[in-house]
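Here the protein sequences come in this chain order: C and F. When we follow the working numbering, the leftmost residue of the first sequence carries the number 1, and every step to the right adds one. When we follow the working numbering, the leftmost residue of the second sequence carries the number 1, and every step to the right adds one.
You can take every hint at face value.
When the alpha-carbon atoms are kept at most 20 Å apart in a straight line, the in silico SDA-like pairs for lysine to any residue are as follows:
| no. | chain 1 | residue 1 | chain 2 | residue 2 |
| --- | --- | --- | --- | --- |
| 1 | C | K34 | F | E43 |
| 2 | C | K75 | F | P429 |
| 3 | C | K34 | F | D42 |
| 4 | F | K505 | F | A178 |
| 5 | C | K34 | F | M48 |
| 6 | F | K75 | C | P429 |
| 7 | F | K34 | C | A45 |
| 8 | C | K214 | C | K505 |
| 9 | C | K214 | C | S115 |
| 10 | F | K34 | C | C37 |
| 11 | F | K34 | F | G120 |
| 12 | C | K34 | F | E44 |
| 13 | F | K34 | C | D42 |
| 14 | C | K505 | C | E147 |
| 15 | C | K34 | F | C37 |
| 16 | F | K34 | C | L46 |
| 17 | C | K214 | C | D499 |
| 18 | F | K505 | F | Q211 |
Residues from chain F that face chain C, not an exhaustive set, calculated with beta carbons under 10 Å:
| no. | residue |
| --- | --- |
| 19 | F133 |
| 20 | S431 |
| 21 | L434 |
Some residues of chain F that are not near chain C, with every Cβ distance over 12 Å (derived):
| no. | residue |
| --- | --- |
| 22 | V117 |
| 23 | V177 |
| 24 | D179 |
| 25 | T201 |
| 26 | D219 |
| 27 | P297 |
| 28 | D490 |
| 29 | D494 |
| 30 | D499 |
Hints in this document: simulated from the structure, not taken from any laboratory. We treat Cβ as the ideally placed atom computed from N, Cα and C, and that holds for glycine.
Protein chains: 2
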Amino acid sequence: MSGEAKRRRSGGREAKHAARSRAPDHIAAWVDRKIPCFEVLDEEALQMIEHNADTVLEEIGIEFRDYPRALQLLKDAGADVDGERVRFPRGLCRAIVQQSAPREFTQHARNPERSVVIGGDRTVFVPAYGSPFVRDLDHGRRYATLEDFHNFVKLAYLSPSIHHSGGTVCEPVDIPVADRHLDMVYSHIRHSDKPFMGSVTHSSRAEDTVQMAKRVFGDDFVEQNTVITSLINANSPLTYDATMLGAATVYAEHNQATVISPFVLAGAMSPVTVVGTTTQILAEALAGMAYVQLVRPGAPVVFGSFASAVSLQSGAPTFGTPEPSLVMYVAGALARRLGVPFRSGGGLCGSKIPDAQAAYEAANTLQTSALSGVNFMLHTAGWLEGGLSMGYEKFVMDADQAGVLGVLLGGVDLSENGQAMDALREVGPGSHFLGSAHTYANFERAFYRSVVADNNSFEQWEGEGSLDTAQRANRIWKKMLRDYAPPPLDPAVDEALQDFMRNRKRELESWEQ
Amino acid sequence: MSGEAKRRRSGGREAKHAARSRAPDHIAAWVDRKIPCFEVLDEEALQMIEHNADTVLEEIGIEFRDYPRALQLLKDAGADVDGERVRFPRGLCRAIVQQSAPREFTQHARNPERSVVIGGDRTVFVPAYGSPFVRDLDHGRRYATLEDFHNFVKLAYLSPSIHHSGGTVCEPVDIPVADRHLDMVYSHIRHSDKPFMGSVTHSSRAEDTVQMAKRVFGDDFVEQNTVITSLINANSPLTYDATMLGAATVYAEHNQATVISPFVLAGAMSPVTVVGTTTQILAEALAGMAYVQLVRPGAPVVFGSFASAVSLQSGAPTFGTPEPSLVMYVAGALARRLGVPFRSGGGLCGSKIPDAQAAYEAANTLQTSALSGVNFMLHTAGWLEGGLSMGYEKFVMDADQAGVLGVLLGGVDLSENGQAMDALREVGPGSHFLGSAHTYANFERAFYRSVVADNNSFEQWEGEGSLDTAQRANRIWKKMLRDYAPPPLDPAVDEALQDFMRNRKRELESWEQ
Numbered sequence: 001m002s003g004e005a006k007r008r009r010s011g012g013r014e015a016k017h018a019a020r021s022r023a024p025d026h027i028a029a030w031v032d033r034k035i036p037c038f039e040v041l042d043e044e045a046l047q048m049i050e051h052n053a054d055t056v057l058e059e060i061g062i063e064f065r066d067y068p069r070a071l072q073l074l075k076d077a078g079a080d081v082d083g084e085r086v087r088f089p090r091g092l093c094r095a096i097v098q099q100s101a102p103r104e105f106t107q108h109a110r111n112p113e114r115s116v117v118i119g120g121d122r123t124v125f126v127p128a129y130g131s132p133f134v135r136d137l138d139h140g141r142r143y144a145t146l147e148d149f150h151n152f153v154k155l156a157y158l159s160p161s162i163h164h165s166g167g168t169v170c171e172p173v174d175i176p177v178a179d180r181h182l183d184m185v186y187s188h189i190r191h192s193d194k195p196f197m198g199s200v201t202h203s204s205r206a207e208d209t210v211q212m213a214k215r216v217f218g219d220d221f222v223e224q225n226t227v228i229t230s231l232i233n234a235n236s237p238l239t240y241d242a243t244m245l246g247a248a249t250v251y252a253e254h255n256q257a258t259v260i261s262p263f264v265l266a267g268a269m270s271p272v273t274v275v276g277t278t279t280q281i282l283a284e285a286l287a288g289m290a291y292v293q294l295v296r297p298g299a300p301v302v303f304g305s306f307a308s309a310v311s312l313q314s315g316a317p318t319f320g321t322p323e324p325s326l327v328m329y330v331a332g333a334l335a336r337r338l339g340v341p342f343r344s345g346g347g348l349c350g351s352k353i354p355d356a357q358a359a360y361e362a363a364n365t366l367q368t369s370a371l372s373g374v375n376f377m378l379h380t381a382g383w384l385e386g387g388l389s390m391g392y393e394k395f396v397m398d399a400d401q402a403g404v405l406g407v408l409l410g411g412v413d414l415s416e417n418g419q420a421m422d423a424l425r426e427v428g429p430g431s432h433f434l435g436s437a438h439t440y441a442n443f444e445r446a447f448y449r450s451v452v453a454d455n456n457s458f459e460q461w462e463g464e465g466s467l468d469t470a471q472r473a474n475r476i477w478k479k480m481l482r483d484y485a486p487p488p489l490d491p492a493v494d495e496a497l498q499d500f501m502r503n504r505k506r507e508l509e510s511w512e513q
Numbered sequence: 001m002s003g004e005a006k007r008r009r010s011g012g013r014e015a016k017h018a019a020r021s022r023a024p025d026h027i028a029a030w031v032d033r034k035i036p037c038f039e040v041l042d043e044e045a046l047q048m049i050e051h052n053a054d055t056v057l058e059e060i061g062i063e064f065r066d067y068p069r070a071l072q073l074l075k076d077a078g079a080d081v082d083g084e085r086v087r088f089p090r091g092l093c094r095a096i097v098q099q100s101a102p103r104e105f106t107q108h109a110r111n112p113e114r115s116v117v118i119g120g121d122r123t124v125f126v127p128a129y130g131s132p133f134v135r136d137l138d139h140g141r142r143y144a145t146l147e148d149f150h151n152f153v154k155l156a157y158l159s160p161s162i163h164h165s166g167g168t169v170c171e172p173v174d175i176p177v178a179d180r181h182l183d184m185v186y187s188h189i190r191h192s193d194k195p196f197m198g199s200v201t202h203s204s205r206a207e208d209t210v211q212m213a214k215r216v217f218g219d220d221f222v223e224q225n226t227v228i229t230s231l232i233n234a235n236s237p238l239t240y241d242a243t244m245l246g247a248a249t250v251y252a253e254h255n256q257a258t259v260i261s262p263f264v265l266a267g268a269m270s271p272v273t274v275v276g277t278t279t280q281i282l283a284e285a286l287a288g289m290a291y292v293q294l295v296r297p298g299a300p301v302v303f304g305s306f307a308s309a310v311s312l313q314s315g316a317p318t319f320g321t322p323e324p325s326l327v328m329y330v331a332g333a334l335a336r337r338l339g340v341p342f343r344s345g346g347g348l349c350g351s352k353i354p355d356a357q358a359a360y361e362a363a364n365t366l367q368t369s370a371l372s373g374v375n376f377m378l379h380t381a382g383w384l385e386g387g388l389s390m391g392y393e394k395f396v397m398d399a400d401q402a403g404v405l406g407v408l409l410g411g412v413d414l415s416e417n418g419q420a421m422d423a424l425r426e427v428g429p430g431s432h433f434l435g436s437a438h439t440y441a442n443f444e445r446a447f448y449r450s451v452v453a454d455n456n457s458f459e460q461w462e463g464e465g466s467l468d469t470a471q472r473a474n475r476i477w478k479k480m481l482r483d484y485a486p487p488p489l490d491p492a493v494d495e496a497l498q499d500f501m502r503n504r505k506r507e508l509e510s511w512e513q
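Please model the complete structure; the sequences and the hints are all you need to start from.
Following this line, the structure appears as structure tokens:
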């Protein structure tokens, strides 16, 4: 399935209604990047970082905590295991990863037209992940609920430039922790037909995620294909814990994808320098991905890198600053050299509200993400306050920027129409192109149209109430949710999912008592 | 003089006071770019655009209106002149430019430490230019006055990441049009010691600018060096008018620099495609720069490109969108191939206020400007509302972003300290780097510190009044203006300038009567 193909279904009134309230059918399932990645370092410098990462793996090693199975597998593969500290002969992790990890993979969605290919020249935009709070203009900042979760799943479903439903789009804190993962996975399946991420907070929850996916896709299909991509964070520096290893193991065993992500605030969890930080990230990612390949060779892995910086004055995390941009460019190059998909970036910001700081920082990070070759762009839309809050208005704004990036990555049309020599000949000096045949022929698709920006005259803007961007975005998400209609779901599948959830919740409650 | 050199003057109480109220002495005079430029097109595609531009110059030609001297000079150089339409044999413009235009040049400031080198791997950040309105949070949008003009000159002077005082930082509409250029040039000289731009609205005003510069730098120095860089816009498509040609001619005759800038809103003044637009821009810039080289071979010229897009729905200009970003990347590559400095980009936006739209759009354009290799970044700070308004808060925000870009362009430290292997060895798995010797040693300069961003906790931010970015920026510019102290200016020079202005104003008034 090509991300470029325009898929238009049969017309008529019904189709029109569907187009209004469901995710548009004709959108691309991902972005095909047609411009190069931006390389800030040359071959020699990248080799130096790879050499240094191997030194870290060899001399310092990685701790795999409270998870004996990992120690055994790594020892069997040739690593030096000393207690929970695992040291790797030079090149071992790279060899393991390159032997079996796919360069790219398809994550199937329950609607095959929304399946995504992750890796290569493709970019997949994914909502932000993990915030306990939500924020909107009407109610300010508050703890997230399951209703908020549903809302963000619906907004991602309806956003033409968001290709993926994400995972913990916010933490539904009104649901017991033990049950939460079931409701979240169900929400992704019920309210969207885009691909989704699974639970990683316990191996049993990863197993539940796989079981629910099997009720949608069928048992055999799940074991042979990838239908879940999940986020596995390293405990930087240089540590993996049992929770993440347990979840990664379950997903790998079922051939499901994991994003192996060092989570780094440079200065606190990594050195304060770009090279030091990327060296550590490479070492951590290599070790984690190698472990996954040992669990099940060929299970998809993504080289993840979440790297920002702390303020060395206050200790607060900062976003949209230049040093993490440089880290991202370097990490992307390292992932390409390794030959696995790359995850990083998104619409990161430290601002508490969807104001100018939020937008400068998000745009800086989004631009960098696009040009650094990110394949799986977690946190594309909604991120506020260093990830503590998921913003309704911010989601709409960022999703609009994802559209900007899609066009940027689409590159330059070199065709005869793109060269426009006839237009130049037709118009000539001192005239204008608005009425030219070439402009008319390219009218519909010539320029990206923002849904949030106001480009009217000052007087018109003032006459319409002098709304700022957040106020316009507020109207947009409310209209989206008002008009939302769920994608069709086979009632038998729905029933099977609800059965599974009921049973599991009963079991989990009885365990708790 | 190196942009890297840290220039610290003698200490003591007086120096401390100066540091508080004057532009810091130790800042770099420009940014040295140490990362590559981002190339979106390959050799073959760039050659095609150069070929097409030559076709435009050969077949369609450029109109040089109401300026017979240009027609004569171009004819003498081998162009085919038909009325006011000038057609160029293939390669002629390129040959003329490459024969004498400098690859880079020094624009001297009256404080030699603030002289800038324009071209090569250097980036010079310049304030926004040309808005009739100003905006601040206290008084909203209003016509600009000379006081506003002074204020923006002072703010640019005090901003460590703004290297240049700019030109028409806003239009002082409270001053008669005939006198305005004198007050503007004087303001740059009196309130700043950074380099500045000259008047281009009439050849006599360009001459006045040169005369005033001579009173600062001396007659001979001005004729042998460059102390003014001025903005010459083409009347796109494919036209130069007498006003701009007249000003360009005066500046070139005096060896002063001109930025030859096609000003394009694609869809209106150029084709709707990236290649069509860059083809036209190259043709226009080549013809303009060739003319300047014929006036005085070796007079510095900058390849300018102001390109945005119109909304094909409303006709309104739009900013921060992906197509103009692609144009900028391509135009930058074309300028490098030609071998002249490049001007483009800045903090462009369509928003009326310094909100999220303003920031997304500005950041998109600023990032692109940095990576596309812009040397002279006009409009770096202050731009609002498609250039109709100069924003006080926006200026502070954008200047802060210029600092972000400076660090980004500074690239990656590959030294042993940058590699941080000792830090990785010292800290090891599961600990943290905040107290490590390496962090401590690099504490001061490790990360860019934004002056506008708030990265405190939500609770702290709320406790401090829940200010948004614009409100924080409002406090910053007010404090800057409160604390401002003018750079020293030789009283004899000042007197000579004021004499000149008095005499000229008298002459101009008598002409008007």
